[in-house]
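**Q** Protein sequence lines, in the order shown, are assigned to chains A and B. Read left to right, the first sequence gives residues 1 to 112 (the numbering used here). Read left to right, the second sequence gives residues 1 to 112 (the numbering used here).
Derived from the structure by calculation, the hints contain no laboratory data. Do not take every clue at face value.
Stated by the list, open to error - In silico contact screen, one side only, chain B against chain A (beta carbon under 7 Å); selected entries:
(1) H45
(2) A92
(3) Q104
To be verified - When the alpha-carbon atoms are kept at most 16 Å apart in a straight line, the in silico EDC-like pairs for lysine to aspartate or glutamate are as follows:
(4) B:K99 x A:D59
(5) A:K65 x A:E79
(6) B:K26 x B:E5
(7) A:K69 x A:E30
(8) B:K56 x A:E100
(9) A:K69 x A:D56
(10) B:K99 x A:E100
(11) B:K99 x A:D56
(12) B:K99 x A:E30
(13) A:K69 x A:E53
(14) B:K69 x B:E53
These figures come from a predicted structure and were not determined experimentally. We put the CB at the ideal spot given by N, CA and C, even for glycine.
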Amino acid sequence: EAQVTQNPRYLITVTGKKLTVTCSQNMNHEYMSWYRQDPGLGLRQIYYSMNVEVTDKGDVPEGYKVSRKEKRNFPLILESPSPNQTSLYFCASSQRGPYEQYFGPGTRLTVT
Amino acid sequence: SQQGEEDPQALSIQEGENATMNCSYKTSINNLQWYRQNSGRGLVHLILIRSNEREKHSGRLRVTLDTSKKSSSLLITASRAADTASYFCATALIQGAQKLVFGQGTRLTINP
Chain A
1 EAQVTQNPRY LITVTGKKLT VTCSQNMNHE YMSWYRQDPG LGLRQIYYSM NVEVTDKGDV
61 PEGYKVSRKE KRNFPLILES PSPNQTSLYF CASSQRGPYE QYFGPGTRLT VT
Chain B
1 SQQGEEDPQA LSIQEGENAT MNCSYKTSIN NLQWYRQNSG RGLVHLILIR SNEREKHSGR
61 LRVTLDTSKK SSSLLITASR AADTASYFCA TALIQGAQKL VFGQGTRLTI NP
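For reference, chain A alone in the conformation it holds in the complex (with noise of 0.2 Å):
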């Protein structure tokens, strides 16, 4: 079955605390995104991947950090992360641009 997967589904962390939120794809696409989800805010693109290693800053790149060392896995990292990034994070991808995405079931991340 043609899936996008995320891992976990919901984390409660702390303020400063590292973690990576998983995305991996099962239909050998090249592009990969990573939105965050806010109420009022709709969906804002944070990072994408055209392929492997080859990344680049949506409109709200600030406080992650991502990585795309094989084509099917591209995870996000947040460093240090602020209560502001509580959120529900989706990851998608699509055969080549950002065209007919296929959407992770979503992250719902809090940050206390």
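Knowing the structure of chain A, use the given hints to seat chain B on it.
**A** Frame of chain A, contents of chain B only:
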């Protein structure tokens, strides 16, 4: 500010009626996409319309695009309870075309 803005923010109709949602954007686009999100879940791609297309159909969905007015509409005909969800437009820009910018969404409720 958001590239895409949707109208209305919320819409409630009776089952069987048609639902129309509108999306306006600010800068020139490569394509415009519509996605559906069921309560806190991952988004599902519905339809993509390219900048050189004016209308597109998929099942009960009809999307129009007016690039002169920088606007798009999504029509869902013969609505069903299962159509209850949030609907988002997303634009892939000509400049920075590898980004996908989402609107804030329309919350659609279908009453039985």
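**Q** Evaluate each hint against the coordinates.
**A** To see whether the hints hold, each was checked on the structure:
1. H45: Result: holds, 5 Å to nearest chain A Cβ.
2. A92: 5 Å, holds
3. Q104: Since chain A brings a Cβ to about 4 Å from Q104 (chain B), closer than 7 Å, the hint holds.
4. B:K99 x A:D59: 9 Å, holds
5. A:K65 x A:E79: 8 Å, holds
6. B:K26 x B:E5: Roughly 9 Å separates the two Cα atoms, so the pair holds.
7. A:K69 x A:E30: 12 Å, holds
8. B:K56 x A:E100: 15 Å, holds
9. A:K69 x A:D56: At roughly 14 Å apart (the allowed maximum being 16 Å), D56 (chain A) and K69 (chain A) satisfy the hint.
10. B:K99 x A:E100: 13 Å, holds
11. B:K99 x A:D56: Satisfied, since the Cα-Cα distance of roughly 9 Å is no more than 16 Å.
12. B:K99 x A:E30: Holds: K99 (chain B) and E30 (chain A) sit about 14 Å apart, inside 16 Å.
13. A:K69 x A:E53: 6 Å, holds
14. B:K69 x B:E53: 14 Å, holds
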